[in-house]
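Participant: Using this note's numbering, you'd call the opening residue of the sequence shown number 1 and step up by one each time.
Keep in mind the hints are simulated off the structure, nothing from the lab. A couple of the hints might just be wrong.
As the list claims (entries may be wrong) - In silico DSS-like pairs for lysine-lysine, Cα to Cα no more than 27 Å straight-line:
1. LYS29 x LYS79
2. LYS30 x LYS3
3. LYS29 x LYS8
4. LYS8 x LYS79
5. LYS81 x LYS8
6. LYS48 x LYS3
7. LYS48 x LYS21
8. LYS59 x LYS6
9. LYS30 x LYS59
10. LYS79 x LYS6
11. LYS29 x LYS59
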Amino acid sequence: MDKIEKYKTMEKVLREIEDLKNSETAVIKKIGQIETENMNLNVQGLDKTLNEIYDGVYKNLQHVEDLQTSFTETVADFKEKNNITDEMLLEFSENN
């Protein structure tokens with residue numbers, strides 16, 4: 001794999017990490033919706049379990065955000081170290 005292909009793959013991984021972050025965020029929102037509904041139902045077991053799930057998902061979201069930050073820096077460093085220009089990327093895209 002040459003440096004342009006590797007860089008493009010790294011960009012793809014960044015997009016997938018962003019998608020993962022969005023998925024975790026959607027789960028947190030869904031838990032909030034269920035908790036809101038449970039205010040009317042007042043089911044104690046549901047409330048306790050939702051809180052436990054929320055805590056786990058929130059921790060996962062934090063890990064994903066940390067990964068995104070770290071990997072974004074890795075990709076930027078790779079691009080700079082290998083002198084990858086926008087023109088090179090455009091040419092690569094046109095040829096593939």
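Participant: For each hint, tell me whether it holds in the structure or not.
Facilitator: So, going through the hints one by one against the coordinates:
As the CA atoms of LYS29 and LYS79 are separated by approximately 35 Å, the hinted pair breaks the 27 Å bound. With a C-alpha separation of about 41 Å, the suggested pair LYS30 and LYS3 falls outside the 27 Å cut-off, and the hint is violated. For the proposed pair LYS29 and LYS8, the alpha carbon gap of about 32 Å is over 27 Å, so the pair is violated. Taking the CA atoms of LYS8 and LYS79, the gap is near 10 Å; set against the 27 Å cutoff, the hint holds.
Restraint check for LYS81 and LYS8: the C-alpha separation of about 15 Å stays at or below 27 Å, so the hint holds. Annotation: proposed proximity of LYS48 to LYS3 is violated, straight-line Cα distance about 50 Å (limit 27 Å). Between LYS48 and LYS21 the CA atoms are separated by roughly 24 Å; this keeps the pair inside 27 Å, and the hint holds. Straight-line distance between C-alpha atoms of LYS59 and LYS6 comes to about 30 Å, which puts the hinted pair past the 27 Å bound.
Distance check on the hinted pair: LYS30 and LYS59 sit about 16 Å apart at the alpha-carbon level, within 27 Å; holds. In summary, the hint linking LYS79 to LYS6 is supported, as the alpha carbons are separated by about 10 Å, within the 27 Å threshold. Taking the CA atoms of LYS29 and LYS59, the gap is near 14 Å; set against the 27 Å cutoff, the hint holds.
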